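Asker: Let the hints inform the model, and build the full structure from the sequences given.
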Amino acid sequence: MKYGRKRVLVTGGAGFLGSHLCERLLAEGCDVLCADNLFTGSKDNIAHLLGNPYFELVRHDVTFPLYVEVDEIYNLACPASPVHYQRDPVQTTKTSVHGAINMLGLAKRVGAKIFQASTSEVYGDPQVHPQTEDYRGCVNPIGPRACYDEGKRCAETLFFDYWRQHGLRIKVVRIFNTYGPRMHPDDGRVVSNFIVQALEGRPITLYGDGSQTRSFCYVDDLIEGFLRLMATPDDVTGPINIGNPREMTVRELAEMVVAMVGSGSEIVYQPLPADDPMQRRPDITQAKAVLDWAPKVALEEGLQRTIAYFRSRMQG
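Here the sequence shown is numbered in the numbering used here, starting from 339 and rising by one per residue.
Hints are computed from structural coordinates only; laboratory data are not their basis.
Among the clues, some could well be false.
Just the calculated beta-carbon pair ranges, DEER-fashion [to be verified]: (1) K634 <-> R343: 25 to 33 Å; (2) K634 <-> L388: 24 to 32 Å; (3) T543 <-> L565: 31 to 39 Å; (4) P427 <-> M586: 23 to 31 Å; (5) E638 <-> D409: 34 to 42 Å; (6) P609 <-> H504: 42 to 50 Å; (7) G546 <-> E407: 26 to 34 Å.
Note that the structure is predicted; figures quoted are calculated from it, not measured.
C-beta atoms are modelled at their ideal positions from N, C-alpha and C, and glycine is treated no differently.
Answerer: Written out as structure tokens, the structure is:
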């Protein structure tokens with residue numbers, strides 16, 4: 339029997355999702371070790387946690403082994419937006435693949451339960467809609483997005499092979515579009531792009547004709563899904579989709595943001611990037627059945643919180 343607080347490692351813990359996860363784990367009474375090389379993460383995201391005696395930041399790149407004693411590992415380390423992961427695609431693939439190998443090796447050595455933050459991008463530009471976990475995807479393995487898509491697919495392969503070969507306790511979640519405070523303002527994602535452009539009164543950039551669809555999950559709902567999956571019995575491995583099934587066109591989102599900000603921004607159109615998926619909506623049947631999870635924060639409420647965050651950041 340273990341005494342004291344549960345010791346939890348969060349790789350990528352200074353990133354958008356990681357910082358919210360660290361915050362929630364501390365609130366749950368955990369001892370949290372945040373590992374981040376600060377390539378896309380930021381100390382600003384976790385500055386308010388640094389004074390907590392149960393929180394520790396270590397500057398570390400997961401492509402190198404990490405030797406620590408922990409009970410649970412959340413592996414979130416990887417640039418997650420096209421702007422960032424295409425800046426150094428070789429390093430992006432290494433982060434997903436070598437990072438998974440190193441964290442799985444650590445979990446094996448210390449007997450930890452390990453969680454992989456996978457992505458809806460494993461489905462590629464899907465031919466099945468909405469996407470269920472048994473859909474195997476339509477991914478271009480040699481395109482400009484492959485470093486991320488195939489890196490994450492390979493990480494899932496490694497997790498399930500460690501589970502089969504070594505009996506590791508694994509949990510794999512497939513994250514759909516998520517938004518909220520602490521998003522990187524220059525990450526090229528539609529929510530942060532639209533909000534920053536609207537707040538600055540610049541034209542809103544739409545790629546293609548704006549008819550491609552996305553589904554947006556507020557960060558607090560996503561983190562709740564993480565914790566519920568990690569708390570399931572060992573025979574529950576995933577992969578499980580976590581996201582909001584409310585689907586809308588990117589143009590509808592742009593118009594909503596402009597109206598909420600009260601901006602005079604006009605909408606301008608640019609060519610669609612290569613391999614950009616036309617449809618994206620999670621089937622969350624498994625999340626409801628296995629985790630009793632469904633998103634609770636309405637898009638309008640989540641956008642208000644996110645706009646307020648960016649507004650205060652830009653004024654500060």
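Asker: All the hints need checking, so say for each whether the structure fits it.
Answerer: Taking the hints in turn, this is what the structure says about them:
For K634 and R343, the Cβ-Cβ distance of about 28 Å falls inside the hinted range of 25 to 33 Å, so the restraint holds. Restraint check, K634 to L388: a C-beta distance of roughly 30 Å satisfies the suggested window 24 to 32 Å. As the Cβ distance of T543 to L565 is approximately 35 Å, the hint placing it in 31 to 39 Å holds. At roughly 30 Å, the beta carbons of P427 and M586 sit within the given window of 23 to 31 Å.
The supplied range of 34 to 42 Å is met by E638 and D409, whose beta-carbon atoms lie about 38 Å from each other. At roughly 46 Å, the beta carbons of P609 and H504 sit within the given window of 42 to 50 Å. A hinted range of 26 to 34 Å for the beta carbons of G546 and E407 is inconsistent with their spacing of about 49 Å.
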